[in-house]
Structures are given as C-alpha cells and as structure tokens.
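As you go down the protein sequences, you meet chains A and B in turn. Counting in our numbering, the first sequence runs from 4 upward without gaps. Counting in our numbering, the second sequence runs from 4 upward without gaps.
To be clear, the hints were calculated from the coordinates, so they are not data collected in a lab. Each residue gets a CB set at the ideal place from its N, CA and C atoms; glycine is no exception. Treat the hints with care, since some could be wrong.
[To be verified] Partial list, computed: chain A residues near chain B (C-beta under 10 Å): (1) Arg55; (2) Cys145; (3) Ile181; (4) Gly196.
[Claimed, not checked] Simulated pairs of lysine to any residue, SDA-like, Cα-Cα distance not exceeding 20 Å: (5) A:Lys185 - B:Glu275; (6) A:Lys304 - B:Asp186; (7) B:Lys185 - A:Val184; (8) A:Lys337 - A:Glu18; (9) B:Lys304 - B:Glu275; (10) B:Lys185 - A:Gly196; (11) B:Lys304 - A:Met303; (12) B:Lys185 - A:Met303; (13) A:Lys308 - A:Cys145; (14) A:Lys185 - B:Pro188; (15) B:Lys308 - B:Gly285; (16) A:Lys304 - B:Val109.
[Claimed, not checked] A few chain B positions that, by computed beta-carbon distances, are all more than 12 Å from chain A: (17) Pro78; (18) Arg210; (19) Glu259; (20) Lys308; (21) Val313.
2 protein chains.
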Amino acid sequence: MHSSASDLKENNLLETFIGIDLGGTNLKAGLCDSNGRVLLKEILKTGTSDGRDRIIKDIVELVEALSTRAGEKTPVRALGMGVPGPVDFAHGVIHDLVNIPGWEEVPIRTIMEERTGIQCFVDNDVNVTTLGELRFGAASNCQNGICLTLGTGVGGGLILEGQLYRGTSFSAGELGHIIIVKDGPQCNCGNRGCLESFVGNRYLVERAVFRIQAGEPSLLSGPVREDPGGITPVSLQDAALNGDALACEIWKETGEYLGIVLAGLVNVFNPEIIVIGGGVAGAGDLLMEPVRRMVRACSMKVPGKAVSIVTTQLGIDAGIIGGAALAMEETAGKN
Amino acid sequence: MHSSASDLKENNLLETFIGIDLGGTNLKAGLCDSNGRVLLKEILKTGTSDGRDRIIKDIVELVEALSTRAGEKTPVRALGMGVPGPVDFAHGVIHDLVNIPGWEEVPIRTIMEERTGIQCFVDNDVNVTTLGELRFGAASNCQNGICLTLGTGVGGGLILEGQLYRGTSFSAGELGHIIIVKDGPQCNCGNRGCLESFVGNRYLVERAVFRIQAGEPSLLSGPVREDPGGITPVSLQDAALNGDALACEIWKETGEYLGIVLAGLVNVFNPEIIVIGGGVAGAGDLLMEPVRRMVRACSMKVPGKAVSIVTTQLGIDAGIIGGAALAMEETAGKN
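Next comes chain A alone, as it looks inside the complex:
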C-alpha cells in the first residue's frame, strides 16, 4: 500500500469514498476524503490477471484493504468505479469492456455490493473522469462543459447544467465517432471518417509513418526504417520539439481536425469550458495551439467568446478521484 496514510489520521471528515479505475493495463483503487483528496492508493496490473473472476477478486480485496485502513472513524460511505466500456448506469451493468475480454453484461454493482457490503456505482471511465474534473479539477463549478480524452480511442463526457449528462441509454459523449470526412479512413468502430480515425493515437502515428515511408524528410526517418511499429505519439512529440517539420505538421493537422469538431460542439452546446486530457494531450501546445486557433476561427461569435479550452488537472489519479466523486454524487443527501 502506497504511503500517505498520515493524511488519513489528520483528516477529520467523517466519511471516506473509494474510487476504482479499471483499465486495460492497471487496476487502481484509492481512498478519498470528501474534498477529493487521495488518502491511500493501490495499483495492480490487470494484464497479468487471468480473467474476469480474478479481476473481481482483486477489486474486492483492494476495497476490503482500503476499507479496513479507513477504519471506524472515517468509514467508507460508498465506492465508485470507472470501466473502459459502455455501462447501463441505472442498473450497474457493464455491457462489455474494450481490451478486456469476458465482461459481457456483468452486473458489477450487485456483485460488488454483495461481496463488500459497500454501496457501489459504476460508469464508463470517461464519464467518471469527467465527474472528477467537474467536482475537483479543471471544470470545478462549471455549469456546461465538454471533457475529451485523447489516446488510443477518443472519448468524451458532457457536463450540462452542472451535472454529468448520460443520455437516453447512458451512451452520450461519444465524441470520437462524430464523422468528419464522408467515406474517410476506416475507424476502429467499423465506420469511416470518424474523428478518432484522424486524431486517435494509432492514426496520427500512421499518417506520419506513411509520409516518412513515402520519402518525406524527418528526424524519424531512421527509427521508421528500423521499426515503424515503434513510433508513438511521444516520438512525434519529441521530434516536433526538436524542430522536425513533418512532426510539427502532423500535430498541427491533428489539432486542426480536433478544433473543427470542437468548434461545432461549441456552436451546439455553448459550453464555458472544454477540458482535454489523455496521452495525446501530452503534446501540449503542439496540439492545443491549433485547437484553440480553429475553435476561435470556426465557432460563432457568442459561444466562441464564452469558452475556455484547457488541459486536465487531475493527472494520474483522475480515475480514482472521479470514482470517489461518483460515489459522493450518488449518495449525497441520502441515508
């Protein structure tokens, strides 16, 4: 168990909340106070576990360990969990998980409540981190906002009238699958020309590799010759920061695609904030500058003036803090 247990003793709040972040690589669990501070946390590899039952057992054990450490003075009120896939939020059922096989229609809320005795809430990971940013991060006190996660996939969460908006069948926020070019490149989702197929990890790397292999000069020409599969957004970021024109252009293009879609969403939602996070967002101004420029250029005057575009604040603990925020949200004012 990671240290920071001293925080726990100093904390006089009566209730604590557990946030769980189930990802394809790691399972993270943390104990938070009602201000969204992480008091204790634990990380396990999910890659090494063998199947669903083992992962559930791991989660239960983490919850029990955190709950014991929380003790009687600061008992755990509830737990919130984010998972990488679509969820029936009302019933706490996971429809399926991206990159983790064997999770079709799993009533995880009931399972967790039966095994741990603690009230449990579950939602998809982007909604959970959006709630974290809304309650304790970059979107604190915002009424209307959009959170965007850029990585292998492109996910989104919507804050409307100060609440997380889930939609009619809890699937709202799929910003990555807005089609931006009719009959465009094949996307992972089966469709063509989705935003994700222009700004997702794999696709922006592919565009760079394709151009380098076609003979365009780049600092990455050598690495591409050796192992094109080894190129990552981080390689492109480093190359761009070292002045590589092609890498700079790839980031500019990526930011412009994203900016045009965000400008449309600014016109549709009139949000006060757009929060951008995820691995690709690590490129910082290489990405954010063209995003901001396109949003300014392509959104209408009134909504364009109302919106700020920022990066996430919660960092690597976002999933834990978001999970705890979900647990707080759903138990607030209830016995």
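Here the structure of chain A is known, so what remains is to put chain B in place on it, guided by the hints.
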C-alpha cells in the same frame, strides 16, 4: 380576428397564455389554453411595417386585443415570444434580428411588460418551437431530443433531461453551423463548409441550378433557362416527385449530409427523438429516407437504436404554441 372564439367560451380553464411569433414576413399572435390549444389568433404582415417602433406597437395592440377577448374568466397569465435572432434569455434582451433591421440590444421583455402589464418571456424562435414540440407536439414527454428547423437557415433546439437547454450564453443549438467540410462552400455566417451551406434552402437550390446550367438533363432545364432565381425547394420537390433524376439526387445528397451530422449528434447526445421541421422538411420522404438511412449507418449501435427521427407536429401554429409553452414553463408554480 380569426374566429374560433367559440372555443374560448367552452374552455373552463382559469388561465390563458399568449404566444407571439415574430418573423421576417409575418407577426403572429395567439391566445392558448394550458393544453396548448390555440383559442384565438391574429396575423399581421411585418414586411409592411416601418421599423422597430411600429412592430412593437403592433405587438402591444395584438396582446391587448387578445387579452381583452380572453376576458376576466380566463385572464392572460403571461406571454411568450419567439424572435428570429439571438436573445439574452435571462434579461429578455434581443441582441439582433436576422432580416429585420434596427433591433440591436432591445430590452423587449421590459418594454412589453411596461406597455401591457403582462409578464413576458422571450427567446429565439427555434428554442420556442422546440419547447412547443416538447410540451405539446412530436417530442411530448421526451427527456432528450434535438429539434432541427430547415429553411433559409438551419436552426436547432436541444431538449436535455426534459428541459430546453440554452447553454452558457443562451446560444446553444446552432446545428446549422457545424462545419462538415473543411474549406467547403462559403456560408452566410462568414465561415466555410457549415451544414447550412449544404442543406439550407438557397444552397440546395444553387447546387441544382449549377448542375442544370452545366448541361445535366432535368425537368427544370426550361424554368432554369427562363429564371434561375425562380427555382425553390418546392420546384425541386415537385420535379423529384415527377421522377426527375437530378432533383432526386439533390434531395438524396441533402439528406445524406444532414444524416451524417445527425449521426454524430446521436453519438454525442444519445437522444430519444430528432424532430425535423421547416420548409425544406416539406420534401418528406425525399429527405427523410436518406436522413434515416445515414443515421442508421453512421451512428453507434446503442444510441442508434434509441433514437426515432420524425417530422414536426405543430405545423403553422408552432410559433404561437411554443410562445405560450414558454410563458407556461416560466410561470409554472409561481405567483
């Protein structure tokens, strides 16, 4: 005053509401009961009036006449007004009006309340008709929906969690200015490649005229030679219904552009309903069939299954009923 006053006598409800629909061509005002039934209505031309003060005087006189007819047994509780332009809803101030000069920053709510003594609410016309469809029309009892108005401009209104969603600075719902083709055709708004520049009245007619003038065969070749400016969406509708291949293709294209954008919005909002209205929607299945087909093809499975796509129900009185709905909404449960 149009007849249907007999309705008024039969109506036992204690309160009535006035809805006002200010357009570039007509000023419509109606008295409605709390079920959204139009009891009395009056239409004036706005084109013939000379300036803002005259229009305001007309509106005040219509309100006074309707209010007098409503009488003491069914007094007017409040009035709601829809106007063709952006509005500061909280303060009841019109920022400006499309196609009606001289309306910059007009505090219409205060003006109307001072002159008529009746509580007044004002919003842009698409929001007002969206509210009408939500309370008394195609979106009755819906929690999440999108209303789209297709005409000279393309406007939109959003219903989220059973309420009209206005956004941070009351400008939400500008669906017509989502950019669908980077560096596409010039749009009326100053940008390029907006949805409106593909499916707005003028633009879809322009595409047809351009192709006919370039020599493609069409039933409209004669009319285009005589007066290309005389071609309208209705001409294209008639030609398509008479089997004209080019006209059919224009409608198919238009529906497909619209369908792709709506598919994106289905993925983002996960709505249960999309309501399409306005002049261009008069083309019926010529437009709706490709729209529905593209939404089915391009939206994700879960949100795609949840949504129905329908045409408006309120017809020519939509603005009056919507205005009355706004007045009801804002006074409900208040003294």
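Outcome of the hint check:
no. : hint                : in the structure
1   : Arg55               : 21 Å, violated
2   : Cys145              : 9 Å, holds
3   : Ile181              : 4 Å, holds
4   : Gly196              : 9 Å, holds
5   : A:Lys185 - B:Glu275 : 24 Å, violated
6   : A:Lys304 - B:Asp186 : 19 Å, holds
7   : B:Lys185 - A:Val184 : 9 Å, holds
8   : A:Lys337 - A:Glu18  : 13 Å, holds
9   : B:Lys304 - B:Glu275 : 13 Å, holds
10  : B:Lys185 - A:Gly196 : 13 Å, holds
11  : B:Lys304 - A:Met303 : 31 Å, violated
12  : B:Lys185 - A:Met303 : 16 Å, holds
13  : A:Lys308 - A:Cys145 : 16 Å, holds
14  : A:Lys185 - B:Pro188 : 16 Å, holds
15  : B:Lys308 - B:Gly285 : 25 Å, violated
16  : A:Lys304 - B:Val109 : 19 Å, holds
17  : Pro78               : 33 Å, holds
18  : Arg210              : 15 Å, holds
19  : Glu259              : 8 Å, violated
20  : Lys308              : 8 Å, violated
21  : Val313              : 15 Å, holds
Checked against the numbered hints above, the structure breaks hints 1, 5, 11, 15, 19 and 20 and satisfies the rest.
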